[in-house]
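Chains as they are written, first to last, in UniProt numbering: chain F, 1 to 863; chain E, 1 to 375; chain W, 1 to 245.
The hints are simulated quantities; they were obtained by calculation from the structure and are not laboratory data. Be a bit skeptical, because a hint or two may be false.
[Said to hold, decoys possible] The calculated lysine to aspartate or glutamate pairs, modelled on DMTMM-like cross-linking and capped at a C-alpha distance of 25 Å, are:
(1) E:K283 to F:D653
(2) E:K151 to W:D234
(3) W:K65 to W:E224
(4) F:K862 to F:D752
(5) E:K151 to W:D109
(6) E:K283 to F:D290
(7) F:K439 to F:D540
(8) W:K108 to F:D56
(9) F:K558 to E:D303
(10) F:K695 to F:E576
(11) F:K629 to F:D540
(12) F:K83 to E:E113
[Claimed, not checked] Negatives, chain F to chain W, calculated, CB over 12 Å:
(13) S59
(14) L66
(15) N417
(16) F442
(17) D568
(18) N586
(19) L859
Cβ coordinates follow ideal geometry from the N, Cα and C atoms, glycine included.
Listed below, chain by chain, are the residues.
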Amino acid sequence: MRTIHPMSRAILFALLAGAPLVHASDSSDTMRVGDMQYGNGLDPRGWSPLMMPNPDGMSWLHPGMLRTPSGALYPYPYDLTGKPLGQRGDWTYWGLLQLGYIHLGGDRDAEFFRQYTDWKNGAALGLLAFGFANRSTGSYVEFRGSRISGDDQYYRLRAGRYGHYRVEAFYRDMPHTVSTNAFPIWNGTGSSNLTLPTGLTPGGSTIAAVQQASAAAPRRTIGLTRTRTGVSLEGELYRDWTGFASVTSEKRDGTRLWGGTMFFNYPFFTNTGSPFGGDGGIMETVRPIDFTTTDVNLGLRRVGRLWHFNALYTGSFFRDHKSYLDYQNPFLIHNVVGVPNVAPVVNGEYSLEPDNDYHNLRLELSRELRWRGELSLAAAYGTMRQDDDLLPPVNCTGTLGFSAGPLQQLIPCGLWNSSAALSRSTANARIDTQLLDAKLTFHPGRNFGWHADLRYYDEDNRTRYLAYNPLTGQYGYISENGAQGSVVPGETGIFDNGYYASSNVQIASAPFGYRDTLLELGADWNVGQSDSLSLVYTFDHDQPRHRERTRLDEQRIKLSWVSRSLGDATLRASFEYGDRSGGTYNYDPYEAYYSKSLPGFINAGGIPPPAFTVDAMRKYDMSDRKETKARVILLYPLGEASTVSATFYGSRDHYDALVGRQDTRTTGFTGEWDWQPEPNTNASVYIGAETTRLKLANVADNESVVGTVGRDDPRFGGPLYPLENYWHNLDRERDYNAGITFAHDFGRVKLDLAWNYTQSLSQLGFDFASPGALTFPDAAPLLNGRFPDNHYRSSTFDAGLSFPLTASIGVRLFGRYQSGSFLDWHYLGFGDTLVYDHRIYTDRGPQVHYRATLVGAMLSIKL
Amino acid sequence: MRALPVSFAAVLSIAVGLGGVLWSAAQAQSPPQATPAPAASQPSSGLSQADIARMLPATDMGASAFRKDDPHLQQVDDSPATPFDAAPIPHNPLAPDADPVGAKTCIACHSLEDMHAVHSLHVQSFNAGAAHSGPQAACESCHGPGSEHAKNPAQAGSIIAFTHGARTDVHTQTAVCLGCHAGGARQHWLGSVHEARGLSCSDCHNPMARLSPEGVLAKPSINEVCASCHKDIMAKFNRRSHMPLPEGQMACTDCHNPHGTLTRPLLKTDTVNETCYACHAEKRGPFLFEHAPVRESCLNCHDPHGSNQQTLLVAPLPMLCQQCHTMTRHPNDLQVPTNLGRGPNPDERLMGRACLTCHTNIHGSNNPSGSRFHK
Amino acid sequence: MNRPLLPLLSAAVLGWAASAGHAQAQANATPAASAAAPATASSATFLDLRGQPPIQGDAVAGAGKAAVCTACHGPQGIAVAPNFPNLAGQSATYLYVQLEQFHHGQRKDPVMTGQAAPLSDTDMRDLASHFASLPPKPSGQADAGSRGAQVFLAGDPARGIPPCQGCHGSDALGSRAQPTNAPHPPWSTIPRLRGQSAIYLTKRLNDFRSQRIRPGSSNTRVMEGVAGTLDDADVQALAAYLSSL
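Could you put together the complete structure from these sequences and hints?
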């Protein structure tokens, strides 16, 4: 599949599509994912400097602005008069160059201040925009570009001829800061190999040394930049056949926070008195991001009088230039038996995402029918594939593990550290998808219509992998690079008919997939001139594969009301009720993928392995569910120059689960008032509030049973999952939003102000039947049933002053003051230390308080 | 494998595209073989009227006959044309007897509207068409024949109107737009949620002025258009973790096609996941070991519109995972504040990245030892 | 602590903003009043009539102030000579906004500029109401088949001439449009043309054609667009038709 170079293929397609351009109608942007918006933190619209309302308004005939059919005001039109290009001819042009300087103050490195904007002190291109248009041929060229820094910029060129063709090319850098507060101890961050600094001994460092290394680690920023380049062509190919071709290439470069696992630390986190601390190893590492993705989109459509045909091909070719992450483990890992391990566990490894190829071809055909009807058919076939070379199960050398009497748990790395240890050397992974959709719509009269829609989707996972080592004849794998097998007897991850005959490990991949059939029937009525009602019934029949249920049926009914009968207001209200049920819930459908199902498996001590999970567990994507949703959207013209809009919404989901997600609720409101009394003035105020809650229940197992009779009992209330270990979590979140904008042109100077505020509070509460639900029951008296409240608050105040120097040159002075506070208990204590026994963390988390300021001056030159 | 230098590909593709353009322009210069010789008064030729007639979109409603029937209108047979020359004049059911009067008549009173409209792509394109075929294209191609309106503009419904309080019903409004814009991205407009809720094209678009950089929108940006009804969704993008919409790097329409699609949330692709994979291609895999809810729907764990948790998660870790995982031993313990970094029993299952510290490859692992996403 | 406060505060802000918006909208509905205060003849900008509501005035008081006017416009509002417009039965709002334009210099006339200069806003309202209340000139015999009638009633699409009746009414007595909530033209500012003298109409149309009225009003802009489509013959035909109505 990958023998043809994706880029050359893309160019070939572009050739085919680009050659015979003749005529075209409109564009296909909203058919393709991505690259619809070009803006940045300085000007999210990528257009604001051009929003200079013409003081004369829209019409000599009436005051103010007209409204959308739903009642929102159109903004006053902007002054975009083109100037003639040259003495004669039909070309006109307009343009604006905004160039200046930005200066930052305060906590300029605060994560939330620069999450998606690469603010830097220095010169910035606010906006360069220009356009050329030929009024007689309809040819045009348009360009927009902006640059905050080398990692935060965009340039986009569009050219074409209305009704004939369009060419587009763009380049953009989009920054994403993940953390500005990271202190990785490893050398080589950003590469595939993380090595410990001098002073630390892989697999044998003292806790004090790790603490020292962490304290000495320099602060780093974790983040990445997406660099996207693309070209597209769209045009009429022949008569009324329109085609488009686009090729986009993205390079993603940077780092992200990642993990590292060398078995648990929590059971061993006791003060042993050893300078090497407890056991296990937990590492927050840094992984490289080094991706290239090439996307190809091809489209062909024909819009005839009755028939509409649409074909769409999407190809995406992902390449990961770093296929693994190796990291060194500083901690001394020892076994619970008490004998010395034969060698320290030094290296950890992750496979990073494999290269993949994706193709999707969709054909759509619709035909107009009488009674304002339409038959619409669509079929799509997609396939995602990858065949990357598989890494060996481990990257260690020599021998790991330990030897103590009957426990001969030695892991010979040489038998597991090459691809010869695999049942096959490449992944050969593939998922195929199919979509069929048929829809029939009729509106026989003005006041009545109905539709029927049948949708079929199938996702077929064709990956089959067997974890079998032909060198040793063993099934399974080496868990955690040998760490688990270096700690716990019997838990290396391997199954065989000898030493590991009682080891229940996963031996094959589960090819998850599903087939979903959906039938929708709907009818709508116009009740009088201004009201319409619609009723839609949906039956969704889902057949998951290798999951807890083989069948999920959901029936939904949705009632909607659109009213224009309440004065000038437009009201859109909907109410929806859904009821999901399904076939028998099998709490363990995975038995075939575990060694328990293999011949030769021996129940240790005659007791079957522990139950896979509690039988009362209902995973929330598979459980019975009753869902109610309601939403009201109101647009109300208030006077001639303002609009009030409001949204009320809520949803209630009840999951029929004793264990698992039980309940979610959301209730919210937004209100907004927009005011534009004249072209030179506008203002808006908005507020919003939302509460959500999520309730879940779980049951801690009785670990004293794990080695004894009853461990295979899955019953909720049985010996392994006793009722007294039952517990609940209740997550409640409240969000408040508010914003004010005001802009007024005083003639000599234009003032714009904006304030945006958001505050979120999250409270996580819990209760438990008895301290048995806790890992450390002794802690029960210290608990008050809730976690510290998490919160996120951000307040941004923007102000700008613009004034002209000459007819074509103006100055804009602007500033931003952003403050915020943050608390997330996940990071509690990380400000003090990132090392907790055999745990080393990298990210201290977002700043708890920050205040950042930005001031800038821009010179605007009308071109 | 390293893709071709992007710059080279870009240059080559542009060159190919421009080549195609030039070639097609050259084609347009030479008379088409299939059509009769053009009239003497039309020295160069492109499409004939017969060609145009064939190109007319599905809802022409016979409007092109207006020209032939009206002695006032310039006849356009065999003139060189852009497709906009052929734009039909739609029938206005509320003024069945109205005749076209031509854009020049409209502009006599609506001069300021005309000034703004020529900055909009939509009217620019019509003007380019009208430059060849006379003034009838443009205003009346959307608003219907104008004679009744010109005689009594206060008569509601005398032209097809697209604004608040218009007598013209929404279906007539959208039919006008779809007369040219049917198919393609709007293939699934009929039956889409926006169609069913009685939205008109002009709720989101305003072709009468250039209010937005692209898309002939009714507000200066895509996101502002969507927020006029979906303010609650926009507000979610203010939360701690969000995709870069407020920062101007993305638009709602990057994922959603408001004109209707094959999915209920108006996603552009067959499924939720395929939309996500379009940018997060590394998550596509498929992986040797899959995590069932991940492959099923990204929305099982993420809220793409924003969340108060890290990485758009719908619930705090480890509770997110504990909604499904009660496997024996470590996943099912109740985590409590004493397990936090400052507590007496720090626990890696709660601190920092919680479960994901070890099960890092949670979206799927391609490692032979990765069945538990450890590798 | 600030949790219940915040929505409350926001609601208060919204309420305040809404009432402010309403007040502003009302204030905005009478731009003439606000425009009248600061403007002087020297710094005149065009008079925006788009939000102009119908005016109220005291016709009886106006009669007492009309002595000077009658010298040209006639004691009953019927002009003494055809180069002066008839004011009898004219739209009061139209008369008022013309006086206003003379007063503020948006429209200039050797005689009227001086006459309007000393008038107060009340004077202008009263005078306008007085002349509007006078009986219009009796109807004449118009030729419904004339070129003027055709242009007035149907326009000429081939040349881009809109029908005048759209705004001036099919009987040239102004539009009788019912006000709606949607933005609409200031119908009351549009003059009745019926029975106006041909000489005066010709002068006015030619002033519009040559864009001589500066800075004028928003209605001037409309009429300049319309008159720009007319040639000399059209102007003559229209003037002849309207004067004979």
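Results of checking the hints against the structure:
Simply put, E:K283 and F:D653 have alpha-carbon atoms about 29 Å apart, too far for the 25 Å limit, and the pair is violated. At roughly 18 Å between alpha-carbon atoms, E:K151 and W:D234 fall within 25 Å of each other, so this suggested pair holds. In summary, the hint linking W:K65 to W:E224 is not supported, as the alpha carbons are separated by about 33 Å, beyond the 25 Å threshold. For a cut-off of 25 Å, the pair hint linking F:K862 to F:D752 stands: about 20 Å separates their Cα positions.
For the proposed pair E:K151 and W:D109, the alpha carbon gap of about 32 Å is over 25 Å, so the pair is violated. For the suggested pair E:K283 and F:D290, the alpha carbons sit about 14 Å apart, so the restraint of at most 25 Å is met. A distance of roughly 15 Å separates the Cα atoms of F:K439 and F:D540; the hinted pair therefore holds under the 25 Å criterion. With a C-alpha separation of about 22 Å, the suggested pairing of W:K108 with F:D56 holds against the 25 Å cut-off.
Only pairs whose Cα atoms come within 25 Å are accepted, and F:K558 paired with E:D303 is accepted, the gap being roughly 23 Å. The straight-line distance between the Cα atoms of F:K695 and F:E576 is roughly 22 Å, inside the 25 Å bound, and the hint therefore holds. Only pairs whose Cα atoms come within 25 Å are accepted, and F:K629 paired with F:D540 is accepted, the gap being roughly 17 Å. Between F:K83 and E:E113 the CA atoms are separated by roughly 18 Å; this keeps the pair inside 25 Å, and the hint holds.
Non-interface status of F:S59 relative to chain W is broken: a Cβ of that chain comes within 12 Å, the nearest being about 8 Å off. Taking the minimum C-beta to C-beta distance to chain W, about 6 Å, the non-interface status of F:L66 is violated against the 12 Å cut. Under the 12 Å C-beta cut-off, the non-interface status given to F:N417 relative to chain W holds; the minimum distance is some 57 Å. Every CB of chain W is more than 12 Å from the CB of F:F442 (nearest about 33 Å), matching its label as outside the interface.
Listed as outside the interface, F:D568 is inconsistent with that label: its C-beta sits roughly 6 Å from the nearest C-beta of chain W, within the 12 Å cut-off. With a least CB separation of 45 Å from chain W, F:N586 remains clear of the 12 Å interface cut-off, as annotated. The beta carbon of F:L859 sits about 29 Å from the closest Cβ of chain W, which is more than 12 Å, so the claim that it is off the interface holds.
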